[in-house]
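Trainee: Each chain is listed here by its residues.
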Amino acid sequence: MTTSTNSVEEFAKKEYQHGFITDIETEDFPKGLDEKIVRMISAKKEEPEWLLEWRLKAYRHWLTMKVPDWAMLKISPIDYQDQYYYAAPKMKDQPKSLAEVDPELLKTYEKLGVPLHEQELLAGVAVDAVFDSVSVATTYRGHLAKLGIIFSSFSEAVREHPDLVKKYLGSVVPYTDNFYATLNSAVFSDGSFCYIPKGVRCPMELSTYFRINAANTGQFERTLIVADEGAHVSYLEGCTAPMRDEHQLHAAVVELVAMKDATVKYSTVQNWYPGDKEGRGGIYNFVTKRGKCAGANSKISWTQVETGSAITWKYPSCILLGDNSVGEFYSVALTNHHQQADTGTKMIHIGRNTRSTIVSKGISAGVGQNTYRGQVRIMKSAEGARNFSQCDSMLLGDKCGAHTFPYVEVSNPTATLEHEASTSKIGEDQLFYCRQRGISHEDAVGMIVNGFCKEVFRELPMEFAVEAQKLLGVSLEGSVG
Amino acid sequence: MLEIRNLRANVADKEILKGLDLTVRPGEVHAIMGPNGSGKSTLAGVISGREIYEVTSGEVLFEGKDLLEMEPEERACEGIFLAFQYPVEIPGVSNTYFLKAALNSIRKHQGLEELDAMDFLALVKSKMQLLNMDNDLLNRSVNEGFSGGEKKRNEIFQMAVLDPKLALLDETDSGLDIDALKLVANGVNALRSPDRAVVLVTHYQRLLDYIVPDFVHVLSAGRIVKSGGKELAQELEAKGYSWLEEPVNA
Ligand SMILES: Nc1ncnc2c1ncn2[C@@H]1O[C@H](COP(=O)(O)OP(=O)(O)OP(=O)(O)O)[C@@H](O)[C@H]1O
Ligand SMILES: [Mg+2]
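Order-wise, the sequence lines are chains X and Z.
Note that this note's numbering gives residue 319 to position 319 of the first sequence, counting from 1, and the numbers run on in steps of one.
If you want this note's numbering, it's the 1-based position in the second sequence plus 1000.
Hints are supplied without guarantee of correctness; some may be wrong.
Just a few of them, taken from the derived set where beta-carbon distance is under 10 Å, the chain X residues facing chain Z [unchecked claim]:
| # | residue |
| --- | --- |
| 1 | Met-65 |
| 2 | Asp-69 |
| 3 | Trp-70 |
| 4 | Cys-202 |
| 5 | Met-204 |
| 6 | Thr-423 |
| 7 | Lys-425 |
| 8 | Glu-428 |
| 9 | Asp-429 |
| 10 | Phe-432 |
| 11 | Gly-438 |
| 12 | Ser-440 |
| 13 | Asp-443 |
| 14 | Ala-444 |
| 15 | Lys-454 |
| 16 | Pro-461 |
Hint data in this document are derived by calculation from the structure and do not stem from the laboratory.
Beta carbons are placed, not taken as given, at the ideal position from N, Cα and C, and that holds for glycine.
Model the full assembly from the supplied sequences, consistent with the hints where possible.
Mentor: What follows is the structure in structure tokens.
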């Protein structure tokens, strides 16, 4: 750890010489949000005029909007004027080494088997200085560039590929979409941009781990992934878990575009800080994720494992515009202690013979509340559309809750819809069976819950599936009496 | 090996075991018979530590240790195995994964090294042959969609892999066809050794033709009302239980 810390410091110093850190620290970005702040963010990033205009339109629209209150969530009001909207001030709060990071958090990482330099990354330790990742990132980048794949931070993409960004930004989630997405549009700090050209199959899973600024992009990330005709990409959004005492808003936007015959697979393992056992602190994760199957035979698949955050409000959706396009949503959401989740998906069938599959597994423990909210909409034009939905809930203990709200709207009589739902308690008989075979109570719970989630884990890339399973185990700790 | 003295136990506040005594020495096979609802599964449940059974008095010692103080998983790790009357399904958890976790947990407790995938597979293969188990069953979820007989056979297969000191078999013969019955009996007989013991609950003499017991006990209304040698089972087969109940209640 010492060597690593030293080199981190050295690297940080080096950055200082380059004027990077000085810049930010002397810059006085006040708390609160007004047009001036939006302009400052845009100026800081040296953005083109059109992007500033877009941000300002979003900001002005946001002023007219109300906080949504339809979700099954108890949210203490957020004072939007009491927040920083630029990442720089946060740098001062960052731990300088792992020694300053909460030991509880480190224990979690250890259990997950996260390598040391990734631990630093995740804990928010001067990330820019993690030189390992820099080189890793550039190696991959060069390899990808040869195939014409663009994979960079959002800011960089704005600088280097403004036409692409301009064409697709807001094309799936318009700046007027919803309270949090609109706020994001006004103040987004950074994020990922990915473009896969025609006919290219991305040879590796793209992951936020490999992108250097990822962990530092702050509360308002913006991700845009475009798969051109016949392209194929699988994107992983890594598990990150900064720990802070107060509730903190995280309002990201992810837009996916799949052209004709293209496939985008987006996998998330979300492990933001859930708050402590009494419900203090924790991230408010209010995220808008949406994909557009723009061309015929395209496919967008969302897989999410949500174990973190105090509150999760998230509905990764698919707009099935192209004929024969396919939308998928596989989800595991776990709420323990005081966590709340209201999550699900929307499948909007517009094209002919469009198909969608929804598999949702909700697990509630402690006094956690878990809500599935899903919408399947078959438009008039969606001749022969099909949907299959399966929503299963598992309760651990008797103080938690599971709720299911499936909304269905069918405007074309040729559509076929199937819906299955179940709610079960983790069985005393199952637990005893495992324990009688010598498996500890805690491991038995983990095993049964993992089995319950199997259909979703199967959709995750291999290493991610392993990580997700471990994560479930860690997240369930203390949930068995 | 197993010493049960004056055991009383409740289920849902109803007394089921009403002062039961039983001694099992290493190397012995005991058969427990008795009418439906007399408390046979309850006894197996109490020995293995199922929480729905509340012990109100008496003691249960295993190799001199107080079993009632131990968690179910500790008892399992000490070498107690229960083949369930109704094996439980665990969706999404493969049989192999489950069994490997169980075996390694027990080995760890016993201070043995955990088996790696290769060694485990070799062990499993040899036990599969013993029970003529289908490879396919191994990769499926634990008991999920297994036929009644397959579930029972899977219990004995697990027993063979986990190699317990004391095996409790709760009506493992029920629902088995003749061939499967022989396979199960083979599995149990393979486990018999001077330092191991078997307690098997059954309703039928038939199983005892293959697994010859040293003792046969009749459990009725929460107590052992008669004990004898293997010929007692034949007598029961011929006469039923009613002739036993009168002298006890009188
Ligand atoms: N969970 C429970 N709740 C209430 N009563 C129970 C419960 N489990 C068992 N009992 C009752 O306890 C009594 C003994 O049951 P047990 O299963 O031990 O019988 P058994 O001897 O194994 O019968 P069988 O030969 O039918 O398997 C029965 O009257 C049964 O109804
Ligand atoms: Mg029984």
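Trainee: Which hints, by number, does the structure contradict?
Mentor: Per hint list: 1, 2, 3, 4, 5, 6, 7 and 16 violated.
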